[in-house]
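**Student:** So the chains spell out like this:
Number of protein chains: 2
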Amino acid sequence: MSERPTKAILRVLNGEPVWPLPIWIMRQAGRYLPEYRATRAQAGSFLDLCYNPRLAEEVTLQPIRRFGFDAAILFSDILVIPHALGQEVRFVENEGPKLDPITSLADLKQLKDEIPLEHLDPVFETLDRLSTSLPRETTLLGFCGAPWTVASYMIAGKGTPDQAPARLTAYRDPAFMAALIDRLVKASTAYLIRQIDAGAEAVQIFESFGAALPPALFDTLSLDPIRRIVSGLKAARPQAKAIVFVRGGGSHLARFAAAGVGDALALDWTLDPAQVLPTLPKTVATQGNLDPLALIAGGEALTNGIDRILSAVRGRPHIFNLGHGILPETPTDHVAQLIARVRGA
Amino acid sequence: MSERPTKAILRVLNGEPVWPLPIWIMRQAGRYLPEYRATRAQAGSFLDLCYNPRLAEEVTLQPIRRFGFDAAILFSDILVIPHALGQEVRFVENEGPKLDPITSLADLKQLKDEIPLEHLDPVFETLDRLSTSLPRETTLLGFCGAPWTVASYMIAGKGTPDQAPARLTAYRDPAFMAALIDRLVKASTAYLIRQIDAGAEAVQIFESFGAALPPALFDTLSLDPIRRIVSGLKAARPQAKAIVFVRGGGSHLARFAAAGVGDALALDWTLDPAQVLPTLPKTVATQGNLDPLALIAGGEALTNGIDRILSAVRGRPHIFNLGHGILPETPTDHVAQLIARVRGA
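Taken in order, these protein sequences are the chains called Y and F.
Residue numbers are given in our numbering: position 184 of the first sequence equals residue 212, and the series is strictly consecutive.
Residue numbers are given in our numbering: position 105 of the second sequence equals residue 133, and the series is strictly consecutive.
What the hints contain is simulated information worked out from the structure, not anything from laboratory work.
Note that beta-carbon positions come from the ideal geometry of N, C-alpha and C, so glycine has one too.
Keep in mind that the hints are not guaranteed to be accurate.
Claimed, not checked - Covered stretches of chain F (chain Y as the covering partner; in silico rule of three or more C-beta atoms under 8 Å from a C-beta of chain Y):
1) 230–244
2) 297–307
Said to hold, decoys possible - Label pairs and their in silico Cβ distance ranges:
3) F:E328 <-> Y:S132: 16 to 22 Å
4) Y:T188 <-> F:A71: 28 to 34 Å
5) F:W47 <-> Y:E116: 51 to 57 Å
6) F:P359 <-> Y:E116: 30 to 36 Å
7) F:G187 <-> Y:A264: 42 to 48 Å
8) F:P48 <-> Y:D225: 56 to 62 Å
9) F:P202 <-> Y:A302: 19 to 25 Å
With the sequences and hints as input, model every part of the structure.
**Tutor:** The following block contains the structure:
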């Protein structure tokens, strides 16, 4: 039916082992790059940068120009969804995001029922620009946050250890939590569909806070909402590929695979691919999972870390990546060494 | 040889299923109790309280008097070991512990080679008092921090997200890290042996920060040091029982069991006993693992959470506990409901 993809990352997402492994890095457009810091200084707030198609395109392209990664990921933030739904979102320098907390069904009623996609037109324009400006071998990735991760910010108004405020809300007010998650599932699905229409070839769903949910809540608040988004996206846009990243969700990965959620599962840096891969079907691709601190350290920590992953994933469909976002203090020459070693393997 | 134990917790630690389950709660002597807050106000600093045998005995006994838990755990702190080794340790109200960081072999040389156990005499006196003042059905537990967790405080000088400073040190200066871990293994083993001699019947080793270690470092920095402590303790005091709690270490539990590390493995609240137990030998006891927030929430979240655990562990040697320490805002009547439900099962 459809043409066989030629881009390396899309081939892997189709279940094909590709060697040398294609590679991109979470948060590759970021503060470790001097050219990013220069562009960032031209924008007002962080959200201003996300909503400025020219500058967002520029920072998305910077790591591609410098390193030739196999994928470019849209420069944006997971909190544009609550922002589009009408919640106040601010990014405070060195403190992270601050939101006016939403803690009840009454609060939720103050937000929009459906996401006004026109609010996100600058994001779609960024993707549209990128789909023509990227090298033709580079895969364009869109993304969104998973509902539980986004909800935990919406409820606490900020990042919180173990998402205690949101978890307590899930126990105390399951009706509100279900309504909030449902709102986010629908908004995220519509948002991702529109990202595909604007030029994204695959999307990554970030469950950054998968680790703290107890078994009684995990499926309802994490697995099932992500499953609904992926299946809604694929029902509407069958060609769209999805990568699911559940940080701290190692013990749940086999169930994600069994539920058919995602063309690829991203592994955080604490997982051993040699242990995880035998528990997954061979057709499910994986992604990851170098410790971002090994990339900062360099030397033997870096080469051993890379080689350990390469040897575990050989023969499987795998995309090389870090196990979490690259950190601002990472030396750029270590990134170059990483890419050379993966590509020279 | 030795008499068969009659205390419920010791029977479980011997591999015997006991029903109704015995129960204690991590941090059961703590700020959720008004009587604790009253005693705490009489001590100067938090460390003063730990080193005051009369007051430390009193706060250890308070939850036993109020709730009749099956175990009392020594009131102390995992950072008394670096303190005894000569590192400056302060507890800052509402901020947690602050230490003068130890970041190199040269720094480590400034600390004592061997732990001066006389520095910890007040701790042993507390245990000695408790071994006569506790009800005779109550098991007396000692404890220490696992080397990696303690080292992460010693290196960063405080608690840090994902133990990034200690993890980076492990990559950059493996010789220093190995020397520090070795120092802590020896100090912890000597400390636990002396706790047993002072009246503790079992000990718990707290790896509070097991979650962030990558596979390349986990065995060297967590599993193997804990194994060395447990085997050193048992070689010296064969009757001593050990409970190992690796928070976030779910994917490693089967390897702890296979290595014979610990009479019981404690499960954090994110693990599903129904999934974990089939991966462990039936002779290894388990402990846990109610979400502390379910205990705060009460109502159906609490009863469902309890019942889920009870049904998963029935017929296995299991000690009921939370999956992490009880939080200050926990209503005491929820604790009473928890105990009644576990004992009435």
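**Student:** Does each hint hold? Answer for all of them.
**Tutor:** Comparing the hints with the structure gives:
no.	hint	in the structure
1	230–244	holds (count 6)
2	297–307	holds (count 6)
3	F:E328 <-> Y:S132: 16 to 22 Å	19 Å, holds
4	Y:T188 <-> F:A71: 28 to 34 Å	30 Å, holds
5	F:W47 <-> Y:E116: 51 to 57 Å	52 Å, holds
6	F:P359 <-> Y:E116: 30 to 36 Å	32 Å, holds
7	F:G187 <-> Y:A264: 42 to 48 Å	45 Å, holds
8	F:P48 <-> Y:D225: 56 to 62 Å	59 Å, holds
9	F:P202 <-> Y:A302: 19 to 25 Å	21 Å, holds
Violation of the numbered hints given earlier is absent; every hint is satisfied by the structure.
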